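Undergrad: Listed below are the residues making up each chain.
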Amino acid sequence: MEDRVRFILEEGERLWNKMKEIRPLVHHITNFVAMPEQAHATLAIGASPVMALYPEESGDMCSIADALLINIGIPSSEIFSAMRKAVEVANRKNIPILLDPVGYGATPYRNYVVDTLLKEYKVSVIKGNSGEIMALAGSSGTVRGVDAVSSVTLDLKDVVKTLANRFNAIIIATGEEDFISDGKEILSIRGGSSMLRNITGSGCIAGSIISALLGVKEDPLIASITGLIAFKLSAERADQRSKGPGSFRVHLFDELSLVRGEDIMKEGDVKLWT
Amino acid sequence: MEDRVRFILEEGERLWNKMKEIRPLVHHITNFVAMPEQAHATLAIGASPVMALYPEESGDMCSIADALLINIGIPSSEIFSAMRKAVEVANRKNIPILLDPVGYGATPYRNYVVDTLLKEYKVSVIKGNSGEIMALAGSSGTVRGVDAVSSVTLDLKDVVKTLANRFNAIIIATGEEDFISDGKEILSIRGGSSMLRNITGSGCIAGSIISALLGVKEDPLIASITGLIAFKLSAERADQRSKGPGSFRVHLFDELSLVRGEDIMKEGDVKLWT
Amino acid sequence: MEDRVRFILEEGERLWNKMKEIRPLVHHITNFVAMPEQAHATLAIGASPVMALYPEESGDMCSIADALLINIGIPSSEIFSAMRKAVEVANRKNIPILLDPVGYGATPYRNYVVDTLLKEYKVSVIKGNSGEIMALAGSSGTVRGVDAVSSVTLDLKDVVKTLANRFNAIIIATGEEDFISDGKEILSIRGGSSMLRNITGSGCIAGSIISALLGVKEDPLIASITGLIAFKLSAERADQRSKGPGSFRVHLFDELSLVRGEDIMKEGDVKLWT
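Chains as they are written, first to last, in the numbering used here: chain A, 604 to 877; chain B, 604 to 877; chain C, 604 to 877.
None of these hints come from the bench; they were simulated from the model.
Some clues are possibly wrong.
Capping the alpha-carbon separation at 25 Å, the derived lysine to any residue pairs in SDA-like fashion look like this [stated by the list, open to error]:
{"hint": "1", "chain 1": "A", "residue 1": "Lys846", "chain 2": "B", "residue 2": "Glu865"}
{"hint": "2", "chain 1": "B", "residue 1": "Lys874", "chain 2": "B", "residue 2": "Asp822"}
{"hint": "3", "chain 1": "A", "residue 1": "Lys621", "chain 2": "C", "residue 2": "Phe770"}
{"hint": "4", "chain 1": "A", "residue 1": "Lys846", "chain 2": "B", "residue 2": "Asp718"}
{"hint": "5", "chain 1": "C", "residue 1": "Lys846", "chain 2": "B", "residue 2": "Asp842"}
{"hint": "6", "chain 1": "C", "residue 1": "Lys787", "chain 2": "C", "residue 2": "Asn768"}
{"hint": "7", "chain 1": "C", "residue 1": "Lys846", "chain 2": "B", "residue 2": "Met868"}
{"hint": "8", "chain 1": "A", "residue 1": "Lys623", "chain 2": "A", "residue 2": "Pro658"}
{"hint": "9", "chain 1": "B", "residue 1": "Lys725", "chain 2": "B", "residue 2": "Lys787"}
{"hint": "10", "chain 1": "A", "residue 1": "Lys846", "chain 2": "C", "residue 2": "Asp866"}
{"hint": "11", "chain 1": "A", "residue 1": "Lys846", "chain 2": "B", "residue 2": "Ile625"}
{"hint": "12", "chain 1": "B", "residue 1": "Lys696", "chain 2": "B", "residue 2": "Asp718"}
{"hint": "13", "chain 1": "A", "residue 1": "Lys846", "chain 2": "C", "residue 2": "Asp822"}
{"hint": "14", "chain 1": "B", "residue 1": "Lys846", "chain 2": "C", "residue 2": "Asn714"}
{"hint": "15", "chain 1": "C", "residue 1": "Lys760", "chain 2": "C", "residue 2": "Asp822"}
{"hint": "16", "chain 1": "C", "residue 1": "Lys623", "chain 2": "C", "residue 2": "Glu865"}
{"hint": "17", "chain 1": "A", "residue 1": "Lys621", "chain 2": "A", "residue 2": "Asp606"}
{"hint": "18", "chain 1": "A", "residue 1": "Lys623", "chain 2": "C", "residue 2": "Asp842"}
{"hint": "19", "chain 1": "B", "residue 1": "Lys725", "chain 2": "B", "residue 2": "Asp822"}
{"hint": "20", "chain 1": "A", "residue 1": "Lys846", "chain 2": "B", "residue 2": "Gly794"}
{"hint": "21", "chain 1": "A", "residue 1": "Lys846", "chain 2": "B", "residue 2": "Lys874"}
{"hint": "22", "chain 1": "A", "residue 1": "Lys696", "chain 2": "C", "residue 2": "Lys696"}
{"hint": "23", "chain 1": "B", "residue 1": "Lys722", "chain 2": "B", "residue 2": "Gly794"}
{"hint": "24", "chain 1": "B", "residue 1": "Lys846", "chain 2": "B", "residue 2": "Lys787"}
{"hint": "25", "chain 1": "C", "residue 1": "Lys696", "chain 2": "B", "residue 2": "Asn714"}
{"hint": "26", "chain 1": "C", "residue 1": "Lys623", "chain 2": "C", "residue 2": "Gly864"}
{"hint": "27", "chain 1": "A", "residue 1": "Lys846", "chain 2": "B", "residue 2": "Met868"}
{"hint": "28", "chain 1": "C", "residue 1": "Lys688", "chain 2": "A", "residue 2": "Pro658"}
{"hint": "29", "chain 1": "A", "residue 1": "Lys820", "chain 2": "A", "residue 2": "Arg609"}
{"hint": "30", "chain 1": "A", "residue 1": "Lys846", "chain 2": "B", "residue 2": "Lys846"}
{"hint": "31", "chain 1": "C", "residue 1": "Lys820", "chain 2": "C", "residue 2": "Arg800"}
{"hint": "32", "chain 1": "C", "residue 1": "Lys688", "chain 2": "C", "residue 2": "Thr719"}
{"hint": "33", "chain 1": "A", "residue 1": "Lys623", "chain 2": "C", "residue 2": "Asn768"}
{"hint": "34", "chain 1": "B", "residue 1": "Lys846", "chain 2": "C", "residue 2": "Lys725"}
{"hint": "35", "chain 1": "B", "residue 1": "Lys846", "chain 2": "A", "residue 2": "Gln843"}
If you're wondering where the values come from, they're calculated on a predicted model, not measured in any experiment.
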C-alpha cells in the first residue's frame with residue numbers, strides 16, 4: 604500500500620471514531636423519497652439528523668448544526684428558498700456543506716437550482732453519480748430521470764479533478780468505482796454491491812454519511828473517502844445476506860450501525876491515481 | 604383455460620420481459636406516505652422511478668418519461684398545479700397516464716382534483732380500491748379516510764364496465780378480487796394476501812407496477828392485468844414467509860424483484876366475465 | 604401491585620381490545636420523515652391512518668376522523684395553516700387531539716407554532732421527549748436538533764404535573780422511563796429498548812398509537828398509558844430478535860401487530876408516584 608493511501612486510511616479510522624464520539628448534527632434539506640432513509644442512516648452510524656425543509660426555520664436550524672446536506676432531489680421554489688437561507692448561514696458560520704445535485708441535467712429547473720447555489724455560495728463537497736457529475740461538467744445525455752446512463756464519453760478521473768478546481772470543492776462521482784478529487788489528487792474506491800442500484804436513495808444515504816464526517820470539521824477529503832468506504836463495505840456485507848432489495852435494505856442499516864473505525868483501515872480499497 | 608385468458612397471460616409474460624429489458628422511466632406525482640415505497644417497488648421490478656412533485660419542473664420531467672402516475676393521496680393546490688402541467692405534456696406526447704384517486708369521496712377537494720383531471724384530460728388507466736371506484740360511480744358512503752368500507756351496494760363488475768365507457772379508460776377496482784374492464788370485457792383476478800390491508804401504500808405500489816408496464820406502450824389492458832398478477836403473486840409468496848406487517852414488507856420487495864415473465868403465465872388466476 | 608395501577612392496567616386491556624374492534628381513523632398532520640412509519644404503525648395495531656397535510660382539505664378530513672395527531676416535525680406556514688383548520692374542527696366536534704412538539708426549543712418558528720396552538724386551542728395530550736417537555740416548561744439547553752440531551756436540571760415528575768395543570772392536558776415525557784401526568788396523578792412506565800434511539804420517528808410512532816386509543820374516546824390518561832405500554836413491550840420484544848436498527852424496525856412493526864389486550868395487563872411496568 605502506498606504511504607499516502609495508508610495515511611488516508613489511518614486518518615479515516617480516527618475520523619470515524621471521532622464522529623461516533625462527537626455525534627455531529629447534520630441538517631438535511633433533501634427530497635421526500637430518501638428523507639426517511641437518510642435519517643435512519645445518519646442515526647445508524649451514530650450521528651444525529653435533523654430535517655428543516657422550509658424557509659421559516661431553515662436558517663435557524665442550520666445555525667445549530669455541525670454540517671449541512673443540500674440534496675435537490677425534489678426541488679421547488681419554496682425549498683430552494685429554504686436552501687439559500689441555510690447555505691447562507693452555513694457559509695457565514697463555516698459549517699461544511701455537501702451538495703448532492705440529484706438529477707442534474709434532467710430538467711432546466713434542477714440545473715438552475717444547482718448552478719445558482721454553486722455560483723453564489725461555497726460548498727465543501729459535491730457528490731453525484733457519474734451521470735450527474737458528467738452533466739455538471741457539460742457533457743449532455745448522461746442522465747435519465749435521476750439515474751446515470753452508460754453513454755459516458757469523458758474520463759471521470761479528469762472530470763472530477765477539473766470540477767474540483769472549478770468549484771474549489773471535493774468532487775465525488777459515485778458508481779461501481781467511486782472517483783474523488785480535491786483538484787490536486789485523484790483517488791478511486793472499489794467495492795459496494797450491485798444491489799445499490801435496486802434501492803432508492805442509496806446515493807443520498809452515502810451523502811448523509813459523508814456529511815456526518817464533515818461535521819467533525821477536519822479534512823473534507825478524508826471525510827469523503829471515509830464515508831464512501833463505510834458505505835461500500837456495509838453494502839458488501841449486507842449483500843451477502845440478502846435475497847432481494849427488501850432484505851438488502853434491512854441488512855444495510857444493520858451493517859451501517861456495526862462499522863468500526865478499524866474497518867476503514869482494513870477494508871478500504873482505495874487507489875491513488877496521481 | 605379460455606383462449607382469451609390464455610392469450611392475455613401469454614401477452615403478459617412477453618410484456619413483463621419487455622418491461623425489464625426497456626426499463627421504462629415512470630414519473631410519479633404521488634403522496635408522501637407511499638412515495639418511498641413506490642420508488643423502491645419500481646426499482647425492484649426493474650423499471651426506473653422519478654418523482655418531480657412541483658410545478659417548477661413537473662412538465663419538463665414528464666416529457667422525458669415513458670409513463671406518468673398521478674396519485675392524489677395528499678393533494679394541495681401546488682401539487683395539483685404540478686399534476687396539470689405533467690398531464691398536459693403527457694397527453695400531448697401520448698405518454699400513458701395512470702390515475703389513482705386515493706380517498707375519492709373523503710373530502711370535496713379530492714373530488715375536485717380528480718373530477719377536473721378526468722374532465723379536462725385523457726387518462727389510460729384509473730385504479731382505485733373498490734370504495735374509491737364505487738364513489739367515482741356516484742355511490743356514497745363507501746370510503747372512510749383512504750380505506751374502502753364494506754357497505755357496497757352496486758355490482759363492481761357493472762361499475763368498472765360503466766366507468767370504462769364513461770372515461771374511455773381501463774378501470775381497475777382492487778380488493779381480494781380485482782375487477783378490470785376496458786368497457787367491453789370484464790375480467791377479475793384472484794390472489795394476493797390479507798397482509799396487504801395491514802401495510803400502507805399497497806394499492807399505490809400496484810399503481811407503480813402497472814405504470815411501468817404502461818411505459819412499454821402496448822395494450823393498456825394487458826399492462827393492467829399483468830401488473831396486478833405480478834403484485835398479487837409477490838404478495839402471496841411474501842405472506843408465506845412473514846410474521847407480521849414488518850417482515851411482510853421486506854419479503855414483498857424481495858419477491859417483486861424475483862418475478863419472471865413465465866410466472867405471469869403460470870400463476871395468473873384470471874377470469875373472464877363477458 | 605397497587606389497586607390504582609391494577610385498575611389502570613385492566614382498563615388498558617379493555618381499551619386496547621376495543622380499539623382493535625372500532626378501528627379508529629386517526630388524522631395525521633405530521634413530518635415527512637416519520638409519516639410513512641406512522642401510517643404503518645397505525646395499521647399494524649389495527650387502526651386506520653389518514654394523512655391530509657394541506658389546508659385545502661385538512662378541516663374536511665378531520666371532521667370524519669376519530670382522533671387528530673399534530674406533529675410539528677417539519678413546520679411551514681402552509682402546514683401550520685392546515686393544522687389550525689384541523690384543530691379548529693377537532694375542538695368544535697370534540698375530536699381528541701394529541702400534540703407532539705418535535706424539536707420544541709430548537710428554532711423560534713417551532714416554538715411559535717406550538718405556543719400558538721396551545722394558546723388558542725385545547726389539546727387532550729401533549730407528548731414529547733424529555734428535552735422537548737423540559738423546553739416547554741421553560742428550561743433551556745435541553746434540545747439539540749430534535750433529540751433530547753442529558754443536561755436536565757428540573758425534576759421531570761414535577762414538570763409533567765405542572766404542565767398538565769397549565770395546559771389542562773395529559774403530559775407525557777418519553778425516555779427510558781416515561782413520565783405521565785394529568786395534573787393530579789404522576790405515573791411512570793419502564794421498559795422499551797435502547798434501539799429506539801437508533802431509529803428515526805420512534806417517538807412519532809408512539810404518538811400514533813396513543814392517538815388511535817384516544818380515538819375510542821374514553822379516558823385519555825388510560826389511553827396514554829396503554830399506548831406507551833404497547834409501544835414499549837413491542838420494542839422490547841423486537842430488540843431480542845434484532846442485529847441492528849434495520850432488523851429492529853422490521854420486528855417492531857411485526858410485534859406491534861401481535862400485541863393483545865392481555866399483554867397490557869401482564870407486562871405493563873407502571874409506577875404511581877403520588
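Undergrad: Take the hints in turn and mark each one as holding or not.
TA: Taking the hints in turn, this is what the structure says about them:
1. About 20 Å separates the Cα atoms of A/Lys846 and B/Glu865, which keeps this hinted pair within 25 Å; it holds.
2. Simply put, B/Lys874 and B/Asp822 have alpha-carbon atoms about 18 Å apart, close enough for the 25 Å limit, and the pair holds.
3. A hinted pair counts as satisfied when its Cα atoms are at most 25 Å apart, and A/Lys621 with C/Phe770 does not qualify at roughly 42 Å.
4. Using a Cα cut-off of 25 Å, the hinted pair A/Lys846 and B/Asp718 is violated, with the two alpha carbons roughly 43 Å apart.
5. The suggested pairing of C/Lys846 with B/Asp842 holds, with an alpha-carbon distance near 23 Å, which does not exceed 25 Å.
6. As the CA atoms of C/Lys787 and C/Asn768 are separated by approximately 8 Å, the hinted pair is consistent with the 25 Å bound.
7. Our distance criterion of 25 Å between C-alpha atoms is broken by C/Lys846 and B/Met868, whose separation comes to about 39 Å.
8. Our distance criterion of 25 Å between C-alpha atoms is broken by A/Lys623 and A/Pro658, whose separation comes to about 30 Å.
9. In summary, the hint linking B/Lys725 to B/Lys787 is supported, as the alpha carbons are separated by about 18 Å, within the 25 Å threshold.
10. Restraint check for A/Lys846 and C/Asp866: not satisfied, since their Cα atoms lie roughly 34 Å apart, outside the 25 Å limit.
11. For the suggested pair A/Lys846 and B/Ile625, the alpha carbons sit about 24 Å apart, so the restraint of at most 25 Å is met.
12. For the proposed pair B/Lys696 and B/Asp718, the alpha carbon gap of about 22 Å is at most 25 Å, so the pair holds.
13. About 46 Å separates the Cα atoms of A/Lys846 and C/Asp822, which puts this hinted pair outside 25 Å; it is violated.
14. For the given pair, B/Lys846 sits about 41 Å from C/Asn714 by alpha-carbon distance, which is inconsistent with the 25 Å threshold.
15. Of the supplied pair hints, the one linking C/Lys760 and C/Asp822 holds, its CA atoms being roughly 21 Å apart against a limit of 25 Å.
16. The suggested pairing of C/Lys623 with C/Glu865 holds, with an alpha-carbon distance near 13 Å, which does not exceed 25 Å.
17. Simply put, A/Lys621 and A/Asp606 have alpha-carbon atoms about 22 Å apart, close enough for the 25 Å limit, and the pair holds.
18. Restraint check: the Cα-Cα separation between A/Lys623 and C/Asp842 comes to about 22 Å, which is no more than 25 Å; the hinted pair holds.
19. For the hint linking B/Lys725 to B/Asp822, the alpha-carbon distance of about 16 Å falls within 25 Å, and the restraint holds.
20. With a CA separation close to 23 Å, the supplied pair A/Lys846 and B/Gly794 stays within the 25 Å bound.
21. In summary, the hint linking A/Lys846 to B/Lys874 is not supported, as the alpha carbons are separated by about 32 Å, beyond the 25 Å threshold.
22. Proposed proximity of A/Lys696 and C/Lys696 is contradicted: the alpha carbons are some 48 Å apart, above 25 Å.
23. Of the supplied pair hints, the one linking B/Lys722 and B/Gly794 is violated, its CA atoms being roughly 33 Å apart against a limit of 25 Å.
24. For the given pair, B/Lys846 sits about 41 Å from B/Lys787 by alpha-carbon distance, which is inconsistent with the 25 Å threshold.
25. Of the supplied pair hints, the one linking C/Lys696 and B/Asn714 holds, its CA atoms being roughly 23 Å apart against a limit of 25 Å.
26. Distance check on the hinted pair: C/Lys623 and C/Gly864 sit about 9 Å apart at the alpha-carbon level, within 25 Å; holds.
27. The suggested pairing of A/Lys846 with B/Met868 holds, with an alpha-carbon distance near 23 Å, which does not exceed 25 Å.
28. Taken as a hint, the C/Lys688 and A/Pro658 pair is honoured in the structure, with Cα atoms around 22 Å apart against an allowance of 25 Å.
29. For a cut-off of 25 Å, the pair hint linking A/Lys820 to A/Arg609 stands: about 21 Å separates their Cα positions.
30. For the suggested pair A/Lys846 and B/Lys846, the alpha carbons sit about 17 Å apart, so the restraint of at most 25 Å is met.
31. The hinted pair formed by C/Lys820 and C/Arg800 fails the criterion: a straight-line CA distance of about 31 Å is larger than 25 Å.
32. Taking the CA atoms of C/Lys688 and C/Thr719, the gap is about 13 Å. The hint holds against a cut of 25 Å.
33. Restraint check for A/Lys623 and C/Asn768: not satisfied, since their Cα atoms lie roughly 40 Å apart, outside the 25 Å limit.
34. Annotation: proposed proximity of B/Lys846 to C/Lys725 is violated, straight-line Cα distance about 40 Å (limit 25 Å).
35. For the proposed pair B/Lys846 and A/Gln843, the alpha carbon gap of about 23 Å is at most 25 Å, so the pair holds.
Violated hints for the displayed structure, listed by number in ascending order: 3, 4, 7, 8, 10, 13, 14, 21, 22, 23, 24, 31, 33, 34.
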